[in-house]
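Peer 1: Sequence:
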Amino acid sequence: MIRWVTLVSFLCVFALALILAYANGAIVRLDYLVGSDQVHLSSALLGAAVVGWLLGLISSFTVVFRLRREARRLKRSVQEAEAEIRNLRNLPFKNER
3 MIRWVTLVSF LCVFALALIL AYANGAIVRL DYLVGSDQVH LSSALLGAAV VGWLLGLISS
63 FTVVFRLRRE ARRLKRSVQE AEAEIRNLRN LPFKNER
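With positions in the sequence shown counted from 1, the corresponding number in the numbering used here is that position plus 2.
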């Protein structure tokens with residue numbers, strides 16, 4: 003069921019992208035640092051979307067790596083605490099009477 007929902011939503015997004023590309027077929031001048039070029043507006047929008055997606059992906063990877071490093075540190079801390087608890091359980095119990 004989830005595969006069908008994913009497939010249908012993917013096809014809807016694809017159809018929407020085709021409609022957007024058809025509606026924005028005008029030629030525009032694209033100026034960038036080393037020159038300029040004339041491209042279709044839909045191509046410029048697609049390029050901007052891809053660059054934005056890649057920048058978002060790179061920035062999210064930094065957060066994911068930081069959280070994984072913190073998770074490893076916390077896991078080590080838990081293992082040390084569990085080892086200390088095991089050592090304390092093995093100590094003989096003294097009765098103070």
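Since the hints were made in silico from the structure, they are not lab data. Positions of the beta carbon are idealized from the N, C-alpha and C atoms, including for glycine. Careful, some of the hints might be misleading.
Have a look at the derived ranges for each label pair, beta carbon to beta carbon [said to hold, decoys possible]:
(1) V41 / R75: 45 to 55 angstroms
(2) L48 / Q81: 40 to 50 angstroms
(3) L35 / F63: 22 to 32 angstroms
(4) N97 / R71: 14 to 24 angstroms
(5) F67 / G27: 21 to 31 angstroms
(6) S45 / V65: 44 to 54 angstroms
(7) L69 / V15: 52 to 62 angstroms
(8) A51 / T8: 36 to 46 angstroms
(9) L20 / S61: 25 to 35 angstroms
(10) V65 / L20: 30 to 40 angstroms
(11) L22 / K77: 41 to 51 angstroms
(12) R75 / L18: 38 to 48 angstroms
(13) L47 / T8: 47 to 57 angstroms
(14) V15 / R91: 51 to 61 angstroms
Peer 1: Determine for every hint whether it applies to the structure shown.
Peer 2: Outcome of the hint check:
{"no.": "1", "hint": "V41 / R75: 45 to 55 angstroms", "verdict": "holds, 48 angstroms"}
{"no.": "2", "hint": "L48 / Q81: 40 to 50 angstroms", "verdict": "holds, 49 angstroms"}
{"no.": "3", "hint": "L35 / F63: 22 to 32 angstroms", "verdict": "holds, 26 angstroms"}
{"no.": "4", "hint": "N97 / R71: 14 to 24 angstroms", "verdict": "violated, 46 angstroms"}
{"no.": "5", "hint": "F67 / G27: 21 to 31 angstroms", "verdict": "violated, 41 angstroms"}
{"no.": "6", "hint": "S45 / V65: 44 to 54 angstroms", "verdict": "violated, 31 angstroms"}
{"no.": "7", "hint": "L69 / V15: 52 to 62 angstroms", "verdict": "violated, 29 angstroms"}
{"no.": "8", "hint": "A51 / T8: 36 to 46 angstroms", "verdict": "violated, 20 angstroms"}
{"no.": "9", "hint": "L20 / S61: 25 to 35 angstroms", "verdict": "holds, 29 angstroms"}
{"no.": "10", "hint": "V65 / L20: 30 to 40 angstroms", "verdict": "holds, 33 angstroms"}
{"no.": "11", "hint": "L22 / K77: 41 to 51 angstroms", "verdict": "holds, 46 angstroms"}
{"no.": "12", "hint": "R75 / L18: 38 to 48 angstroms", "verdict": "holds, 44 angstroms"}
{"no.": "13", "hint": "L47 / T8: 47 to 57 angstroms", "verdict": "violated, 24 angstroms"}
{"no.": "14", "hint": "V15 / R91: 51 to 61 angstroms", "verdict": "holds, 57 angstroms"}
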